[in-house]
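> For chain V, the structure is supplied; the task is to place chain Y on it using the hints.
Take a look at the letters that make up each chain.
There are 2 protein chains.
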Amino acid sequence: MTPPIYDRVALIGLGLIASSMAHAMKQFGLAGEIVGYAKTEETRRTAVEIGICDRVFATAGEAVQGADLVVLAVPVGAMAEIAADIGPHLSQGACVTDVGSVKQAVIEAVAPHIPEGVAFVPAHPLAGTEHSGPRSGFATLFQNRWCLLTPTEKSTPDATTRLRRLWEAMGSNVDEMDAPHHDLVLAVVSHTPHLIAYTMVGVADHLRRVSNSEVIKYSASGFRDFTRIAASDPTMWRDVFLTNKEATLDILGRFTEELFTLQRAIRMGDGDELHAYFTRTRAIRRSIIEAGQDTAAPDFGRAVPAKKPSE
Amino acid sequence: MTPPIYDRVALIGLGLIASSMAHAMKQFGLAGEIVGYAKTEETRRTAVEIGICDRVFATAGEAVQGADLVVLAVPVGAMAEIAADIGPHLSQGACVTDVGSVKQAVIEAVAPHIPEGVAFVPAHPLAGTEHSGPRSGFATLFQNRWCLLTPTEKSTPDATTRLRRLWEAMGSNVDEMDAPHHDLVLAVVSHTPHLIAYTMVGVADHLRRVSNSEVIKYSASGFRDFTRIAASDPTMWRDVFLTNKEATLDILGRFTEELFTLQRAIRMGDGDELHAYFTRTRAIRRSIIEAGQDTAAPDFGRAVPAKKPSE
Chain V
0 MTPPIYDRVA
10 LIGLGLIASS
20 MAHAMKQFGL
30 AGEIVGYAKT
40 EETRRTAVEI
50 GICDRVFATA
60 GEAVQGADLV
70 VLAVPVGAMA
80 EIAADIGPHL
90 SQGACVTDVG
100 SVKQAVIEAV
110 APHIPEGVAF
120 VPAHPLAGTE
130 HSGPRSGFAT
140 LFQNRWCLLT
150 PTEKSTPDAT
160 TRLRRLWEAM
170 GSNVDEMDAP
180 HHDLVLAVVS
190 HTPHLIAYTM
200 VGVADHLRRV
210 SNSEVIKYSA
220 SGFRDFTRIA
230 ASDPTMWRDV
240 FLTNKEATLD
250 ILGRFTEELF
260 TLQRAIRMGD
270 GDELHAYFTR
280 TRAIRRSIIE
290 AGQDTAAPDF
300 GRAVPAKKPS
310 E
Chain Y
0 MTPPIYDRVA
10 LIGLGLIASS
20 MAHAMKQFGL
30 AGEIVGYAKT
40 EETRRTAVEI
50 GICDRVFATA
60 GEAVQGADLV
70 VLAVPVGAMA
80 EIAADIGPHL
90 SQGACVTDVG
100 SVKQAVIEAV
110 APHIPEGVAF
120 VPAHPLAGTE
130 HSGPRSGFAT
140 LFQNRWCLLT
150 PTEKSTPDAT
160 TRLRRLWEAM
170 GSNVDEMDAP
180 HHDLVLAVVS
190 HTPHLIAYTM
200 VGVADHLRRV
210 SNSEVIKYSA
220 SGFRDFTRIA
230 ASDPTMWRDV
240 FLTNKEATLD
250 ILGRFTEELF
260 TLQRAIRMGD
270 GDELHAYFTR
280 TRAIRRSIIE
290 AGQDTAAPDF
300 GRAVPAKKPS
310 E
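Those sequence lines, one after another, are chains V and Y.
Each residue of the first sequence is one higher than the one before, counting from 0 in numbering that gives the first Met the number 0.
Each residue of the second sequence is one higher than the one before, counting from 0 in numbering that gives the first Met the number 0.
Just so you know, the hints here were simulated from the structure itself, not pulled from any lab data.
One thing to keep in mind: the hints can contain errors.
One copy or two, it doesn't matter: identical chains are merged, so the pair holds either way.
[Stated by the list, open to error] For lysine-lysine, the following BS3-like pairs were computed, each having C-alpha atoms within a straight-line distance of at most 30 Å: (1) Lys244 to Lys216; (2) Lys216 to Lys153; (3) Lys25 to Lys38; (4) Lys25 to Lys153; (5) Lys216 to Lys25; (6) Lys38 to Lys244; (7) Lys153 to Lys244; (8) Lys38 to Lys216; (9) Lys38 to Lys153; (10) Lys244 to Lys25.
It should be emphasised that the depicted structure is a prediction, and the values quoted were computed from it without experimental measurement.
Just chain V, same shape as in the assembly:
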């Protein structure tokens, strides 16, 4: 067995991502010791009970002492306060990273609290489920998923390379980009789709002429995929939209323009425009399948794919 990549990893926040990292680090022997901090005593107790942390601490400051990797895995809106708490307790030579879905806001919140002699390498694993909490994690969450690093002035090449090794060892593909570009890309592929899904589920919820039981019964015809997206952690997503405001509003504006164009085509009965639009979007799906980001198996709206197509 190769030696662990870090001697002591401190997980600050013990939700889905941190607990999945703990499972993966333990399974692959990537950390000598895993210590943790969570806001509530219940979560800290659970973390020890289910074995994701070797030790837990009642303050973040205590948890980071002596750690060579500190992972900030709290909602983006809580990063500034946590960073201020841990700043004075960080060890020389340590690396601080985070797993936030937004990068510019996290950098602004955290970087000022990182002392000389400590590296800061922001990261964002593009992985998750609609579940949350310390019991929701599992070791394979990051397998074959992207992890984006957005190095800053406080990211030394050594610290970045070592963190990249950790993510690769947990099964991720790692890319690097600058933080503003990250935030725009994520606004397109994740943040705006989530807001739209939340909105559509909200519309269905308070439409009086269609009962909720009908919505639920017949959800498999398209709506169901939206409800899965719209079931994600409310606090995390509130913070995403508040902190990636500009990019999200930009993409939302384009979305609305586009939607109005299609809405007008429906109202005017312009079948050619609709057909041409739907043909273009189909090609993107094909590219995603070719890129290995999904399979072509027909699971659209199906709980359990029963059988491959009989081609």
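Same frame as chain V, but now just chain Y:
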């Protein structure tokens, strides 16, 4: 083996739904003989080659002669012309049904061409994949999926009961409702979600600052579910929006109102409103899982669920 429910079934149109019905009817012995019609010779040849039709005909009129069940499985916009073609050739005592995603428009298009002594029972199986064509069908497509019947003045109780038996024998749960309510429910759970998904994929496609390869690589973070929805058959969906115009525009209007409310909350930094909204939508997801319409397994954005959570 129980006797077949129909002696001869004529499938008019040989795409995903019709070919799946053929596979299911053959597998469960529900039809004495299956004959078919498709517009192109290539599709007709394929249908015989892969065994979904015992015989095919070059015109719909020939195909329906002597059939006791005629299934109209063409895009909604083609229903009127097909109905006019087959009207004079239908056998006394036969039942005509369809599988269109919109019901009022189909009834208006088809009913006038149904002669005295022939029943017409509109149906809509809520099942599909993003694939199309005669080779895309498979016998289990309808298993555990809803099929909605919207009986009309031309639906005799006997014809409706017999058609219900067919759908149940193919694995569906069957509900009955009136056509206007069907169209509204489907606008909520299927048509509007599809339009929104098409729109979001379209936005991603022509955003210059984010490359298509980035969109494709990082699609698993939410966007991917949209691309699957937006890959469905363009002709079918064009016709859905053109023929379920009023209900779709109604739901789209509500969606836009709602989206603007959330957009404003983002712009104003109103975190409480966002959090409360996202908490409400999460409850709907829970109801869908409790209703057995999906599983809680964390497959969000994952091509192949690797492992159950380690709870």
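> Hints broken by the structure, by number, lowest first?
Hints 8 and 10 are the ones this structure does not satisfy, whereas the remaining hints hold.
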